[in-house]
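With the sequences and hints as input, model every part of the structure.
For the record, the sequence lines run as chains A and B.
Just so we're aligned, residue 6 is where the first sequence starts under this note's numbering, counting upward by one.
Just so we're aligned, residue 6 is where the second sequence starts under this note's numbering, counting upward by one.
Among the hints, erroneous ones may be present.
Put simply, identical chains are the same to the list, so a pair is met inside one copy or across any two.
[Stated by the list, open to error] Restricting the straight-line Cα-Cα distance to at most 25 Å, the calculated cross-link-like pairs of lysine-lysine (BS3-like) are: (1) K99 x K41; (2) K41 x K84; (3) K44 x K99.
No lab work stands behind these hints: they were computed from the structure.
There are 2 protein chains.
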Amino acid sequence: MGQCHCHKKRKDSQELTDVERAIEIVINNFHRYAVKGRKECLTPNELRDLVVQQLPQLSQHVCSLDEKIECLGDPDEAKLEFGEYWAIIGEAAKGCRVKK
Amino acid sequence: MGQCHCHKKRKDSQELTDVERAIEIVINNFHRYAVKGRKECLTPNELRDLVVQQLPQLSQHVCSLDEKIECLGDPDEAKLEFGEYWAIIGEAAKGCRVKK
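Take a look at the structure:
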């Protein structure tokens with residue numbers, strides 16, 4: 006209790022639901038690409054790699070994602086926090102939901 | 006191309022990545038609970054059911070989630086859009102990330 010390891014392999018016996026496991030996968034994906042500089046942040050280039058490799062279908066439904074990534078600052082220096090990563094995916098997911 | 010069915014069973018042959026499938030699960034979870042009134046929105050009571058049933062571990066890491074849900078308005082009438090649902094989960098996920 007009071008501790009959460011949902012971004013790592015869980016060592017305790019608490020069972021996650023399917024939805025929690027799905028969220029864990031999205032969290033882990035952030036950490037998998039956040040390797041350069043501060044590990045709690047993605048650079049724009051890391052985000053681009055993540056999108057190309059992990060979100061090829063989803064990213065089709067975000068208008069001008071490339072432009073958005075360019076606006077984030079220096080490709081190798083700017084720091085993108087988890088909340089920004091989550092918001093970008095949310096925008097893409099919203100796009101998917103609307104286009105039926 | 007140009008159409009997205011990531012909130013439904015996919016009928017085309019485009020393969021989703023693990024991360025995209027995970028996002029699809031989180032999207033589908035919204036629709037599973039958004040049954041009353043406008044189907045594109047959750048009521049606060051539907052959100053509470055969703056959190057209790059689907060996010061029992063994750064919700065431990067959001068301070069006063071109950072209070073937050075109460076602030077969303079009339080439990081059976083207020084309409085919570087997908088973006089708000091996504092943001093609440095993001096807050097919880099951020100909480101998980103920070104507490105190591």
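To see whether the hints hold, each was checked on the structure:
1. K99 x K41: So K99 and K41 pass the 25 Å test across copies only (20 Å; inside, 29 Å).
2. K41 x K84: within (10 Å within a copy, 41 Å between copies)
3. K44 x K99: Answer is between: at 14 Å across copies they meet the 25 Å cutoff, but 28 Å inside does not.
The structure meets every hint from the earlier list without exception.
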